[in-house]
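Chemist: Taking the hints into account, I'd like the entire structure generated from these sequences.
In full-length UniProt numbering, the protein residues as written are 1 to 179.
Each hint should be verified, as a subset may be incorrect.
Said to hold, decoys possible - Computed spacing ranges between beta-carbons, pair by pair: (1) N153 - D14: 43 to 53 Å; (2) N78 - E123: 21 to 31 Å; (3) N155 - N7: 53 to 63 Å; (4) D9 - Q92: 10 to 20 Å; (5) N78 - Q129: 20 to 30 Å; (6) N111 - N158: 28 to 38 Å; (7) A59 - K100: 20 to 30 Å; (8) A59 - G164: 15 to 25 Å; (9) S151 - E89: 13 to 23 Å; (10) G41 - Q129: 36 to 46 Å; (11) N111 - E137: 29 to 39 Å; (12) S151 - M69: 18 to 28 Å.
Just so you know, these hints were derived from the structure itself, not from any lab. All C-beta atoms in this analysis are idealised placements derived from N, C-alpha and C, irrespective of residue type, glycine included.
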Amino acid sequence: MSDSVFNKDERIMDLVSKHYNVELCAANLYFHLATVSKALGYDNVAAFFVKMGSDKQSAHMSRLVKYMMKVDSILKINQISVPELVSFETIQEVLDAALKMESKVRESVKNVTEISLLAKDFETFERMQWFVKDSIEDLEEISDVWTYVHSPNVNLINIENIVGKKLKKSEYDDDHDED
Numbered sequence: 001m002s003d004s005v006f007n008k009d010e011r012i013m014d015l016v017s018k019h020y021n022v023e024l025c026a027a028n029l030y031f032h033l034a035t036v037s038k039a040l041g042y043d044n045v046a047a048f049f050v051k052m053g054s055d056k057q058s059a060h061m062s063r064l065v066k067y068m069m070k071v072d073s074i075l076k077i078n079q080i081s082v083p084e085l086v087s088f089e090t091i092q093e094v095l096d097a098a099l100k101m102e103s104k105v106r107e108s109v110k111n112v113t114e115i116s117l118l119a120k121d122f123e124t125f126e127r128m129q130w131f132v133k134d135s136i137e138d139l140e141e142i143s144d145v146w147t148y149v150h151s152p153n154v155n156l157i158n159i160e161n162i163v164g165k166k167l168k169k170s171e172y173d174d175d176h177d178e179d
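Modeler: So this is what it looks like as structure tokens:
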């Protein structure tokens, strides 16, 4: 809006909206992967994806919406919010899709952060710092699970035990997180 005290560059706000759509796409994909994982017999992996999807919705997307409201900008939602759904036959394929999606999220974060800094939009750059840190953590989480399921001699019980321990640690960390 032109009478805003923030006077944001519309191109930067369009990038923030595009990033919102990438986060929304990721959340939708993770919820889909949760149901696929459950159907394949991986209850803990399904719970892991529910957690990842919920995090995208509650923490990530709400931060972006609140920022857009703070700077009097309108969020633009588009078609990329719905991921292309394919059928998966193995848990490895499921994790391949998740790792690819999280890499896409990270690239989007880097893009908004870099362009906002180059444009000297320090408010957006500062806001994106949370996403930079969180995208590293999310990529590491998915990468860890991806590594487990692509390990030689891995089986359903091993994967479920490892992901179950990761979920319990994550719940502990969430309960004790000071951010």
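Chemist: Is 10 to 20 Å right for how far apart the beta carbons of D9 and Q92 are?
Modeler: Violated, since D9 and Q92 (Cβ atoms, about 43 Å apart) do not stay within the stated range.
Chemist: For the pair N155 and N7, does the Cβ-Cβ distance stay inside 53 to 63 Å?
Modeler: 58 Å, holds
Chemist: Determine whether the Cβ-Cβ distance between S151 and M69 falls within the hinted range of 18 to 28 Å.
Modeler: 45 Å, violated
Chemist: If I claimed the Cβ atoms of S151 and E89 lie 13 to 23 Å apart, would that claim hold in this structure?
Modeler: Cβ of S151 to Cβ of E89: about 19 Å, so the range 13 to 23 Å holds.
Chemist: Given a hint of 29 to 39 Å, does the C-beta separation of N111 and E137 actually sit inside it?
Modeler: 19 Å, violated
Chemist: Is it true that the C-beta distance of A59 to K100 lies inside 20 to 30 Å, as the hint says?
Modeler: 21 Å, holds
Chemist: How does the Cβ-Cβ distance of A59 and G164 compare with 15 to 25 Å: does it lie in that range?
Modeler: 22 Å, holds
Chemist: Could you check the hint for me, namely that N111 and N158 are 28 to 38 Å apart, CB to CB?
Modeler: About 37 Å separates the Cβ atoms of N111 and N158, which means 28 to 38 Å holds.
Chemist: Okay, N153 versus D14 on CB: inside 43 to 53 Å?
Modeler: 48 Å, holds
Chemist: If I claimed the Cβ atoms of N78 and Q129 lie 20 to 30 Å apart, would that claim hold in this structure?
Modeler: Because 25 Å falls inside the window, the suggested range holds.
Chemist: Does the Cβ-Cβ separation between N78 and E123 fall within 21 to 31 Å?
Modeler: 24 Å, holds
Chemist: Given the hint of 36 to 46 Å, is the C-beta distance from G41 to Q129 inside that range or not?
Modeler: Given about 40 Å between the Cβ atoms, the range holds.
Comparing the model with each earlier hint shows violations of hints 4, 11, 12; every other hint is respected.
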